Amino acid sequence: MSIDDARVAELRNLDPNDVTADAADAILADLSELLGQANSAYHTDDAPLIDDASYDALKRLNMAVEAAFPNKKREDSPTDQVGAPVSETFSKVTHAVRMLSLSNAFADEEVVEFVDGVRRFLNIAADAPLSFTAEPKIDGLSLSLRYENGQLIQAATRGDGAVGENVTANAKTIADIPHTLNAAPDVLEVRGEVYMSEADFLALNKRQEEAGAKTFANPRNAAAGSLRQLDPKITASRPLRFFAYAWGELSAPLATHQSKAIARLQELGFQTNDLTKVCETPEEMIAHYTDIMLKRADLGYDIDGVVYKVDDLALQRRLGFRSTTPRWAIAHKFPAELAWTRLVAIDIQVGRTGALSPVARLAPITVGGVVVSNATLHNEDYIAGVGGDGHPIREGRDLRVGDLVQVYRAGDVIPKIKDVDLSKRPDDAAPYVFPDVCPECGSHAIREAGDAVRRCTGGLICPAQAVERLKHFVSRGAFDIDGLGAKQIEMFYQDEVLPIKEPADIFTLQARNAASLAKLQNRDGFGETSVKNLMQAIEDKRTIPLGKLLFGLGIRHVGESASNLLANHYGSWQALTAAMDKSEVGTGEAWDDLLNVDGVGAVMATSLIEAFQNDAERASIDRLAAELTVLDAEVRDTSDSPVAGKTVVFTGTLEKMTRAEAKSRAEALGAKVSGSVSAKTDFLVAGPGAGSKAKKAADLGVETIDEDAWLALIGEA
DNA sequence: GTGCCTCGAGTTCC
DNA sequence: CTCGAGGCAC
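FYI, in the numbering used here the residues of the first sequence are 1 to 717.
It is worth saying that the hints were derived from the structure and are not from the lab. None of the values given here were measured: they were computed from a predicted structure. Warning: the hint list may mix true and false statements.
Claimed, not checked - Pairs of lysine-lysine, DSS-like flavour, derived with a Cα cap of 25 Å:
{"no.": "1", "residue 1": "K471", "residue 2": "K424"}
{"no.": "2", "residue 1": "K548", "residue 2": "K487"}
{"no.": "3", "residue 1": "K295", "residue 2": "K233"}
{"no.": "4", "residue 1": "K424", "residue 2": "K519"}
{"no.": "5", "residue 1": "K471", "residue 2": "K487"}
{"no.": "6", "residue 1": "K487", "residue 2": "K501"}
{"no.": "7", "residue 1": "K501", "residue 2": "K532"}
{"no.": "8", "residue 1": "K532", "residue 2": "K519"}
{"no.": "9", "residue 1": "K519", "residue 2": "K487"}
{"no.": "10", "residue 1": "K541", "residue 2": "K487"}
{"no.": "11", "residue 1": "K418", "residue 2": "K333"}
{"no.": "12", "residue 1": "K277", "residue 2": "K260"}
{"no.": "13", "residue 1": "K582", "residue 2": "K646"}
{"no.": "14", "residue 1": "K548", "residue 2": "K92"}
{"no.": "15", "residue 1": "K471", "residue 2": "K532"}
{"no.": "16", "residue 1": "K501", "residue 2": "K541"}
{"no.": "17", "residue 1": "K418", "residue 2": "K487"}
{"no.": "18", "residue 1": "K92", "residue 2": "K277"}
{"no.": "19", "residue 1": "K471", "residue 2": "K548"}
{"no.": "20", "residue 1": "K214", "residue 2": "K277"}
{"no.": "21", "residue 1": "K92", "residue 2": "K418"}
{"no.": "22", "residue 1": "K277", "residue 2": "K295"}
{"no.": "23", "residue 1": "K519", "residue 2": "K501"}
Unchecked claim - The following label-pair restraints were derived from C-beta to C-beta distances:
{"no.": "24", "residue 1": "D127", "residue 2": "D632", "range": "28 to 34 Å"}
{"no.": "25", "residue 1": "D274", "residue 2": "V112", "range": "46 to 52 Å"}
{"no.": "26", "residue 1": "G485", "residue 2": "R120", "range": "42 to 48 Å"}
{"no.": "27", "residue 1": "T180", "residue 2": "S237", "range": "47 to 53 Å"}
Note that beta-carbon positions come from the ideal geometry of N, C-alpha and C, so glycine has one too.
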């Protein structure tokens, strides 16, 4: 059996938005045939005709075209075929402007602090006017709608903020979302919240129940589940709504002020929230918050707080962003929902660094629309009811197994224990004794002075630590090996024939499997294809960038960001290991060189050196390195670099990168980065909030440029 | 020395 | 998402 590969490739590269009504018939007919062939090949033979990515692409194209031209949908539409494997993912969309989250305030004082902080940053006197918008924070999921020349061309979820999922076909089924705009900027990304009203949620659940389908825990989950349907027809049948409250990329400004921009979005045909108000003082903001809280039950949709934004957009630009949040906005959250339940047991988990983390096992209880049965207890002080300074935080109310405890979900996510009802404590409840040996390996568990956590000293001997380190090794950000997740790691660690006890074992798996009589393929969950795929995924990562290797090692205090800084500093695995070999903690040239890396201090340096100089650990690292091809950190040719040999100083807030990142990039281009301005300084790169350094630079006649000009200079605008 | 600001590490549930 | 702690600017 064969398939028309050329037509597959052609359709794969087709943008659904380019499909005209005239072309739709032929395309849907071809898709029906191709997907039908691919399906039957997949199910009846074991040899797929087309690769998964192509299959998913065709499937998505089919859905998109059907959504655009519902009347052209075929009787034999592949969308309706039962049992057809459906892609688990949407295609990815990189946001032109990152979708950030907001920092939170819980108490009124934090709102006052926020306003004070904004004034301080902008250098605005306490009595000078400064306005904020205040609007309800809808409890739904955020969506970014991209319009070009007035046409909706793409809808994307937030994802991790940088990359979201393409849900265009689904978003088009939402009545509140216009498909075309009049008199809009050529490029306009409208951002807002998709949500479901309480009435619609209840009705939907009733329908689901009658149909024997699963019901949703709350309107937010219902909205999220509905938007992420692979079949837009299902989304269309769900009563989703949309409030617009922000924007991303723009070819022309919407207005001068936040409040006016929102009004403009309303004129363009979007729903905006009518409880949005411009406030002049923190008192007014808090009064509006209280007002909204009182109205909360009657709104008909879920909200979880109030968002305040600096109204003047020019000021927003000056304030800029921290790494993940804007400085010009904050979410004032409503108090979390609370629930009482019984503390059934306290278990200890051992993490990759040996940290002993107590976890509360709870009698299942619904909190904030979700059934919770575990809660974090942080560390031993938390159970004892004392803070890090030894002072009581719950007046000595030590938690005991059997206690009635009050649970809430911090940030509406992580279950935590807020309080204990001592009057309901069983007579036989004994104080919890935190173990001083590791429950997994029996090694001593010690608490270093000033440290909040107790750690297992077993190191690599401890199976829990070894497994957690392996999980870290294969995790995203490190080696990221497809098909080798937490579950598989647990299994392979226990495996007697083909065990994986340390990272190097992953890369010898193929050879050992080939030599083994009891091959992988004979086990549960492993067929010929999955073994082949796993081996291929492992081979794909045998060549690895230096930074990822270093991060994968899981050395304490050396995270993703520090790993990349170190990779850039040393350049190659040889240089790194050579430096580690000759380093001495606390002294010497190699130590000084290490501490000179911006972002590396004594604690991290010590941890790094100790890991590389510990015999057992180093042997394990060397066994791993022997299996790998390590890619050097990208060293650019600095000979024609515009900043080679120049001395640069950064000051103020950098918006496009962290200071450490800026420094390492500048150094990669051959520049010298200094901490203070002097006559030798060639450039001062000044962000918002620059202070004394900018003045000094002006006095000395040093050229001062902003971040964008700097990026342009180094060719990364 | 103090006070940000980030990063690292640990955690839950869908 | 949160807490603690490391690192750095002032």
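A quick look at each hint next to the structure:
no.: 1; hint: K471 with K424; result: 41 Å, violated
no.: 2; hint: K548 with K487; result: 22 Å, holds
no.: 3; hint: K295 with K233; result: 34 Å, violated
no.: 4; hint: K424 with K519; result: 56 Å, violated
no.: 5; hint: K471 with K487; result: 9 Å, holds
no.: 6; hint: K487 with K501; result: 14 Å, holds
no.: 7; hint: K501 with K532; result: 21 Å, holds
no.: 8; hint: K532 with K519; result: 12 Å, holds
no.: 9; hint: K519 with K487; result: 19 Å, holds
no.: 10; hint: K541 with K487; result: 19 Å, holds
no.: 11; hint: K418 with K333; result: 17 Å, holds
no.: 12; hint: K277 with K260; result: 11 Å, holds
no.: 13; hint: K582 with K646; result: 30 Å, violated
no.: 14; hint: K548 with K92; result: 22 Å, holds
no.: 15; hint: K471 with K532; result: 21 Å, holds
no.: 16; hint: K501 with K541; result: 18 Å, holds
no.: 17; hint: K418 with K487; result: 32 Å, violated
no.: 18; hint: K92 with K277; result: 35 Å, violated
no.: 19; hint: K471 with K548; result: 14 Å, holds
no.: 20; hint: K214 with K277; result: 39 Å, violated
no.: 21; hint: K92 with K418; result: 39 Å, violated
no.: 22; hint: K277 with K295; result: 15 Å, holds
no.: 23; hint: K519 with K501; result: 18 Å, holds
no.: 24; hint: D127 with D632: 28 to 34 Å; result: 57 Å, violated
no.: 25; hint: D274 with V112: 46 to 52 Å; result: 26 Å, violated
no.: 26; hint: G485 with R120: 42 to 48 Å; result: 46 Å, holds
no.: 27; hint: T180 with S237: 47 to 53 Å; result: 23 Å, violated
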